[in-house]
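**Q** Residues per chain are reported as follows:
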Amino acid sequence: MYEFEYQKPKTLAAAADVLKKKKDAKLMAGGMTLIPTLKLRLAKLSHVVDLAGMKDLVGIKATKAGVTIGAMTTHGAVAASAAVKKAIPALAHLADGIGDPAVRNRGTIGGSISNNDPAADYPAGLVGLGATVVTTQRKIPADKFFLGMFETALKRGEIVKAVEFPIPKRAAYMKFPNPASRYAIVGVFVAETADGVRVAVTGAGGCVFRVPEMEAALAKKFAPESVVGVSIPTDGLNEDIHASAEYRAHLVTVMAKRAVAAAIGG
Amino acid sequence: MEIKGAYRIAATREQVWAALNDPEILKKCLPGCEKLEREGDNAFTATIKTKVGPVSARFSGAVTLQDLDPPNAYRIVGEGKGGVAGFAKGGARVTLRDDAGATVLQYDAEAKVGGKLAQIGSRLILGTARKLADDFFKKFSETVAPGTAAEKVALDAEGQAS
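Order-wise, the sequence lines are chains A and B.
For reference, each letter of the first sequence is one residue, going 1 to 266 in the working numbering.
For reference, each letter of the second sequence is one residue, going 1 to 162 in the working numbering.
Heads up, some of the hints might be wrong.
To be verified - Computed cross-link-like contacts, DSS-like style, restricted to lysine-lysine with a CA-CA straight-line distance of at most 27 Å:
(1) A:K26 - B:K116
(2) A:K10 - A:K64
(3) A:K26 - B:K35
(4) A:K22 - B:K51
(5) B:K138 - A:K155
(6) B:K112 - A:K44
(7) B:K139 - B:K51
(8) B:K139 - B:K81
(9) B:K138 - B:K27
(10) B:K49 - A:K26
(11) B:K152 - A:K26
(12) A:K21 - A:K44
(13) A:K221 - A:K44
As the list claims (entries may be wrong) - Here are some chain A residues the structure puts well away from chain B; computed CB gaps all over 10 Å:
(14) K8
(15) K20
(16) L154
(17) A194
(18) H250
(19) I264
Hints listed in this document are in silico derivations from the structure and should not be mistaken for laboratory results.
Beta carbons are placed, not taken as given, at the ideal position from N, Cα and C, and that holds for glycine.
Taking the hints into account, I'd like the entire structure generated from these sequences.
**A** Now the structure itself:
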């Protein structure tokens, strides 16, 4: 690890101020990506701005219309929340499948979506449910939040405060995890919402994306067989030692099918 | 790992060729390039800072131009060391073709990464390489033909620009 200055500001305004003034400063939420990167000396920062201790950012609020999750709420807390399990069980299931217990105990929803790893689970949940990201400056719909690999609509000094999830009629998330890291080789979130059916895919490409052909087929008939005939093109899909682009494309259809079956079943 | 792509640039083949051999233009278009200096006729030294998500690394190394066939094609080859982060090397075969007053630039690139970067980032390398290649050729198109937007050309099943 290279030397850096550790700061733990009391307010979001103070945190944003450090980010604006120091070019090589970075925010830390749970630190589940940042700390290993620093330990390996793959990044050199001047300041680490820790959001831990900002109690306003932690917590889950459920109403009839939706569930709001504070940015610093851990995956473990979301997975165990009775309110989330009741309102959006698919979201609790998603959080329960992230990494391992240690990661779920430290990692946060705000950190995960701000990092926007191409294989992270939460981006599929946000896009699949049509969630809204609440930042210190504005509200951003999930469809406009995730821009590309590790790229989001966040501006420098803009900090995620919470995520608002509308409650779907039914939904499910299915992923094919890497057996070691539990990152999604492919993960598919399917939801039947008030605004129609949404299918969001993570892990397969550089960034979470929707599959309009599957959404249209499921809108006609919400059944597993509706997605079987829909295959996605391999253009732009990830390819690595774990899975080829063709295999990932195949997995998208398989996971979508399983997610639809799970949504109907539960 | 291989990355292919093509761009249609609103300039003549000679103009595009000249730009491909101009270190100032290359420096401007290479994402994160801090230094690109001519060492010999077709050799350069370069320093490039890349940033991918949480990772940032600075690579220093050599860039050479090979198999020159003006104004039709060349190979650009680079190799750099990024300190503890590891090393990266790669090359791209660039070919130019006239297309109704404009030029179609096609590239076939391959990249290799080793060391810690490869160890923890293997699943991210293809996506990163694709993005860097796209960023470079997009900016290159816009620099060579100012005022026009980069126009990507689709490749057919044989990997040729149609």
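**Q** State for each hint whether it applies.
**A** Verification of the hints:
1. A:K26 - B:K116: 22 Å, holds
2. A:K10 - A:K64: 32 Å, violated
3. A:K26 - B:K35: Cα-Cα ~26 Å, so holds.
4. A:K22 - B:K51: 17 Å, holds
5. B:K138 - A:K155: With Cα atoms ~23 Å apart, K138 (chain B) and K155 (chain A) stay inside 27 Å; holds.
6. B:K112 - A:K44: Judged against 27 Å, a Cα distance of about 23 Å means the pair holds.
7. B:K139 - B:K51: 18 Å, holds
8. B:K139 - B:K81: 25 Å, holds
9. B:K138 - B:K27: 14 Å, holds
10. B:K49 - A:K26: 17 Å, holds
11. B:K152 - A:K26: 34 Å, violated
12. A:K21 - A:K44: 17 Å, holds
13. A:K221 - A:K44: Given that 27 Å is the threshold and the Cα spacing comes to 51 Å, the pair is violated.
14. K8: Holds, since 20 Å exceeds 10 Å.
15. K20: About 18 Å separates K20 (chain A) from the closest Cβ of chain B, which puts it past 10 Å; holds.
16. L154: 13 Å, holds
17. A194: A194 (chain A) is indeed farther than 10 Å from all Cβ atoms of chain B, at 34 Å.
18. H250: Consistent with the label, H250 (chain A) stays out of reach of chain B, its closest Cβ about 18 Å off (over 10 Å).
19. I264: 32 Å, holds
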